[in-house]
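This is what each chain is made of:
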Amino acid sequence: MSKPAVEMSKPLDDREKAAKITAGDVRTASRLIRNLEDRLPTAKTTLKHIFLHTGRAHVIGITGSPGAGKSTIADALIASYRKLGKTVGVLAVDPTSPFTGGAILGDRIRMQRHAEDPGVFIRSLATRGSLGGLSHAVGDAIHVLDAMGKDIILIETVGTGQQEVEIINHAHTVVVLLVPGMGDEIQAMKAGIMEIADIFVINKADREGARQLHGIISAMLDLAREFPGGWRPPILEVENFFEPVSFLDRIAILQESVDRHYQLMAGSELLEDRLKRKSILELNEALRAALIEPVMHDLVREGEFAGMISRIMKKEADPYSLAEEIAARYFKAKTAGKTQVARLA
Amino acid sequence: MVEQGKIRIMVAKPGLDGHDRGARILSRYFRDAGFEVIYTGCHQTPEQIAAAAVQEDVDLVGLSCLSGAHRFLFPRVVELLRQQGAGDIVVIAGGIIPEDDFPFLHQAGIKAIFTPGASLESIVDWIKENVKTGSGNE
Amino acid sequence: MPFSKETLIISRELTEQWEKEVASAIKDNPDQKTRFTTQSDFEIKRLYTPQDIENLDFARDIGVPGVFPYLRGNQITGYRSKYWTFRMFSGMGSARDTNQRWHLLLREGNTGLSTAFDFPTLMGYDTGSPKARGECGKCGVAIDTLEDMMTLVAGIPLDQVTTSMTINPPATVLWSMYIAAAQAGGVPATKIGGTIQNDMLKEFIAQKTFMCPPEPSVKLISDTIEFGTKYVPRWNPISISGYHIREAGSTAIQELAFTLRDGIEYVEDVIRRKGLDVDEFAPRLSFFFNSHIDFFEEICKMRAARRMWAKIMRDRFKAKNPRSLWMRFHTQTAGCSLTAQQPLNNITRTTIEALAAVLGGTQSLHTNSFDEVLCLPSEAAATIALRTQQIIAEESGAANTIDPLAGSYFIESLTNEMEEQAWKYIEKIDQMGGMIEAIKRGYPQQEIADAAYNFQLQLDSREKIQVGVNKYLAREEEKIPLQQIDEQVEEEQIKRLNEVRRRRDWKAVKTSLLELKDVCKRGDNVMPTCIEAVKNLASIQEICDVYREVYGEYRDPGLY
Chain C
1 MSKPAVEMSK PLDDREKAAK ITAGDVRTAS RLIRNLEDRL PTAKTTLKHI FLHTGRAHVI
61 GITGSPGAGK STIADALIAS YRKLGKTVGV LAVDPTSPFT GGAILGDRIR MQRHAEDPGV
121 FIRSLATRGS LGGLSHAVGD AIHVLDAMGK DIILIETVGT GQQEVEIINH AHTVVVLLVP
181 GMGDEIQAMK AGIMEIADIF VINKADREGA RQLHGIISAM LDLAREFPGG WRPPILEVEN
241 FFEPVSFLDR IAILQESVDR HYQLMAGSEL LEDRLKRKSI LELNEALRAA LIEPVMHDLV
301 REGEFAGMIS RIMKKEADPY SLAEEIAARY FKAKTAGKTQ VARLA
Chain V
1 MVEQGKIRIM VAKPGLDGHD RGARILSRYF RDAGFEVIYT GCHQTPEQIA AAAVQEDVDL
61 VGLSCLSGAH RFLFPRVVEL LRQQGAGDIV VIAGGIIPED DFPFLHQAGI KAIFTPGASL
121 ESIVDWIKEN VKTGSGNE
Chain D
1 MPFSKETLII SRELTEQWEK EVASAIKDNP DQKTRFTTQS DFEIKRLYTP QDIENLDFAR
61 DIGVPGVFPY LRGNQITGYR SKYWTFRMFS GMGSARDTNQ RWHLLLREGN TGLSTAFDFP
121 TLMGYDTGSP KARGECGKCG VAIDTLEDMM TLVAGIPLDQ VTTSMTINPP ATVLWSMYIA
181 AAQAGGVPAT KIGGTIQNDM LKEFIAQKTF MCPPEPSVKL ISDTIEFGTK YVPRWNPISI
241 SGYHIREAGS TAIQELAFTL RDGIEYVEDV IRRKGLDVDE FAPRLSFFFN SHIDFFEEIC
301 KMRAARRMWA KIMRDRFKAK NPRSLWMRFH TQTAGCSLTA QQPLNNITRT TIEALAAVLG
361 GTQSLHTNSF DEVLCLPSEA AATIALRTQQ IIAEESGAAN TIDPLAGSYF IESLTNEMEE
421 QAWKYIEKID QMGGMIEAIK RGYPQQEIAD AAYNFQLQLD SREKIQVGVN KYLAREEEKI
481 PLQQIDEQVE EEQIKRLNEV RRRRDWKAVK TSLLELKDVC KRGDNVMPTC IEAVKNLASI
541 QEICDVYREV YGEYRDPGLY
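Chains as they are written, first to last, in our numbering: chain C, 1 to 345; chain V, 1 to 138; chain D, 1 to 560.
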């Protein structure tokens with residue numbers, strides 16, 4: 001693929017851009033995130049230069065069903081961490097409409113009071129077809145915020161599907177929000193959510209059914225889990241949104257709990273486990289981009305791809321043999337064993 | 001694979017008036033037109049709007065004001081964007097704005113002004129014609 | 001049943017015959033549209049007949065004025081002894097500018113005053129606040145301290161003229177200033193009359209002029225109702241408003257339902273929090289509706305509103321005093337129906353809307369000026385708007401007889417249908433646990449957003465027509481002279497405020513603000529302390545900052 005024409009007038013090279021980002025420049029960072037979302041190859045190149053500056057931030061995932069209050073909790077956590085003098089980056093993900101490709105990114109409005117605080121960077125992302133409750137760019141965007149020097153990175157998931165477990169690949173601490181009387185009792189029992197939660201928060205706990213919800217989660221924890229590192233996910237309750245005093249107290253408890261979880265992880269092999277998982281995924285993803293995408297690109301450009309699809313449809317060929325053929329062609333200099341590896345990627 | 005860059009828009013309400021009917025309808029229509037839309041909510045200062053626009057890396061800011069304070073608020077947003085190196089973000093405006101104020105606002109950097117009665121489609125058409133996604137620019 | 005068996009049989013036969021003829025006629029001359037709907041998208045039939053109201057009971061459902069169910073009005077004499085109050089909303093620039101406009105309006109035949117405040121005042125900020133830059137005097141009058149209020153009402157006989165104040169989050173402050181200004185002029189609180197809008201629920205639902213969260217906001221309202229009941233008996237401490245709900249794009253039925261449900265919420269809170277008997281305060285509750293462009297829909301909405309409120313008060317709250325059952329309401333023609341294109345057409349729109357309000361039996365009316373979609377009304381435009389009311393009252397004959405459309409098949413049927421639909425909304429909100437809970441869930445906000453979006457799409461597709469906007473466009477728009485607000489007003493207002501700050505007794509201000517804070521924390525009635533504070537020349541923001549500190553600030557949740 002030819003490089004975009006604007007590259008010609010590009011004032012900064014990757015090293016300069018990386019320097020600006022590590023110095024905390026908002027404009028450069030937000031543009032890089034945009035280019036990552038748009039999957040511009042140059043964006044990945046820039047990423048190379050900042051990757052080694054990452055790994056310092058505490059990444060916190062916030063997930064839960066729509067209307068559970070994720071943005072409001074995120075907003076309160078920002079305030080809480082800012083009081084401690086920590087800088088905060090936020091990535092808030094909202095769904096892309098499958099019909100129009102458009103999206104209303106509605107989380108920021110609840111955190112907008114922090115817009116002017118230079119210690120806070122909030123970025124809204126659309127899913128753009130990604131499943132799993134996040135945007136494909138989330139992993140890389142975390143690196144950008146991390147390289148900017150943010151101490152805390154909050155990731156707010158979409159909150160629509162049941163399959164929002166991808167957050168576990170990115171966050172050190174996952175906070176799961178549940179609301180009584182919204183069918184969350186059932187949600188909680190579904191596989192996935194129980195496994196990824198490091199902390200449960202029952203929001204709007206003044207509502208009917210809060211006690212019951214608490215009981216269900218507690219019982220499920222008793223039944224289903226062993227607790228790595230001895231961390232039994234606490235079940236916190238947040239009262240009424242509209243009584244700010246008690247709400248803030250509860251948020252302080254949540255924030256302490258989040259921090260305790262991180263300390264526990266850092267003091268054991270748990271943090272390393274998550275880092276390892278993320279690294280495997282990242283290498284996997286990078287290999288895919290480096291190996292498969294160029295091949296696909298060639299095939300499409302040469303018109304071969306369409307031909308192969310048509311042969312598969314007519315049952316003149318099977319996809320497995322075609323893939324082996326292509327792999328053999330690209331890796332002809334390699335041994336048969338290594339071709340195997342390429343195919344697995 | 002490079003995805004087609006999406007146009008990102010911020011709909012913002014500077015000033016103290018809460019008449020957000022137009023802003024909310026537009027946000028929804030922009031989504032249906034395939035844009036990515038961020039709405040700031042009511043009662044925003046120009047400082048909050050500019051900071052958010054830069055963080056969100058939007059291509060366009062649409063300002064809506066019905067209180068009559070547009071002569072102060074709109075130019076201030078443009079000025080702040082320029083100060084933050086984001087003068088390339090297109091700023092358009094809507095609301096109750098007397099025609100006599102148009103030259104002043106255009107001079108101040110407001111690229112287009114849509115007053116009551118403008119169809120949603122005409123606004124989207126204007127954007128498609130005049131705004132290119134900033135993706136790829138540095 | 002209002003019709004005999006024979007009438008219904010004949011009606012049915014004739015209607016069936018007619019329907020057949022219609023079916024064949026529209027083959028050659030098809031209807032211009034596939035759906036014929038009200039402004040609110042409520043589908044209307046081609047013809048209404050006795051069958052549409054065959055279950056109607058005259059005494060139970062219609063009756064006569066001044067008697068339950070009050071469908072036909074509270075006043076037994078109708079408009080013959082007294083027209084509705086001609087109450088023109090006005091306010092601009094400084095207190096002195098507005099005071100001059102008020103004296104003019106009274107000379108021109110206005111019978112009540114109505115105050116528009118600028119946005120800093122509406123939001124509880126001083127003119128000098130960084131949030132208030134550029135706003136001073138733009139949309140109404142700027143009031144920072146008691147001294148501004150005294151300038152505003154200078155020369156107005158406050159024991160004779162009633163004043164309405166469109167003020168919500170800082171209503172306690174502005175009302176305190178008005179009470180204090182009257183006292184300073186020798187008129188005791190028991191003698192003053194007027195209204196503060198003071199309806200916060202509709203702000204969360206629609207207009208977005210908010211300060212504190214819903215619960216403490218409602219608590220402050222209950223304070224004013226309690227205080228008014230005891231010490232300012234001629235005052236309406238609240239105007240429960242559908243106007244802004246409609247302006248935000250709701251349907252007529254949503255306006256009706258949400259407004260009445262808001263009313264229920266306030267009554268419940270006063271009873272629960274203050275322990276007052278419903279009949280002690282219910283007679284002073286007032287309402288405020290929009291009169292939109294769909295003539296019949298508006299008339300039916302207002303009739304249904306009266307009947308529903310009477311039922312609510314009698315059945316839900318067991319009110320005994322007939323006056324508790326009265327729904328007294330002010331009406332304003334629909335600002336959102338006006339067009340910037342060919343603005344003189346707005347005079348026609350406003351006339352239709354005003355006539356609907358009169359036929360709907362309003363007690364008080366504001367008619368919009370034709371230039372309001374472009375700027376604050378000019379004097380000439382405001383005069384035409386007032387004259388519109390006077391023409392309806394004095395020339396049209398509309399005021400001769402009470403509820404002249406009663407008994408119409410269409411009118412009674414539509415009134416019933418709107419009432420029925422509104423009850424459904426009210427039940428739904430009851431099931432959610434009340435209006436505050438519904439607001440937290442974003443329910444009314446979302447319903448209105450959907451209706452507004454739908455209407456806009458209908459305009460874009462020309463399913464709905466606005467003359468001069470999407471049909472009958474002018475080749476060239478005529479320019480009309482616009483009212484300008486001097487940019488100097490802000491500077492001068494800040495200077496005035498600073499001057500008051502220098503001059504006042506700072507210790508007294510501080511003491512009363514600390515006392516107010518304690519009162520808020522204890523949950524006592526804020527009014528006496530608030531009056532003390534304004535007398536000491538505490539500014540509006542100084543007082544509201546106490547509320548913000550104790551109660552917290554509400555932020556726009558953003559629903560589309």
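Be careful, since some hints might not be right.
Said to hold, decoys possible - Straight-line distance between alpha carbons at most 25 angstroms, and here's what the computed DSS-like set of lysine-lysine pairs gives:
id, chain 1, residue 1, chain 2, residue 2
1, D, K274, D, K517
2, D, K428, D, K440
3, V, K132, C, K44
4, D, K274, V, K111
Just so you know, the hints here were simulated from the structure itself, not pulled from any lab data.
Now the hints, each set against the structure:
no.: 1; hint: D/K274 / D/K517; in the structure: holds (20 angstroms)
no.: 2; hint: D/K428 / D/K440; in the structure: holds (14 angstroms)
no.: 3; hint: V/K132 / C/K44; in the structure: holds (22 angstroms)
no.: 4; hint: D/K274 / V/K111; in the structure: violated (55 angstroms)
In the structure shown, a violation is registered for the earlier hint numbered 4 alone.
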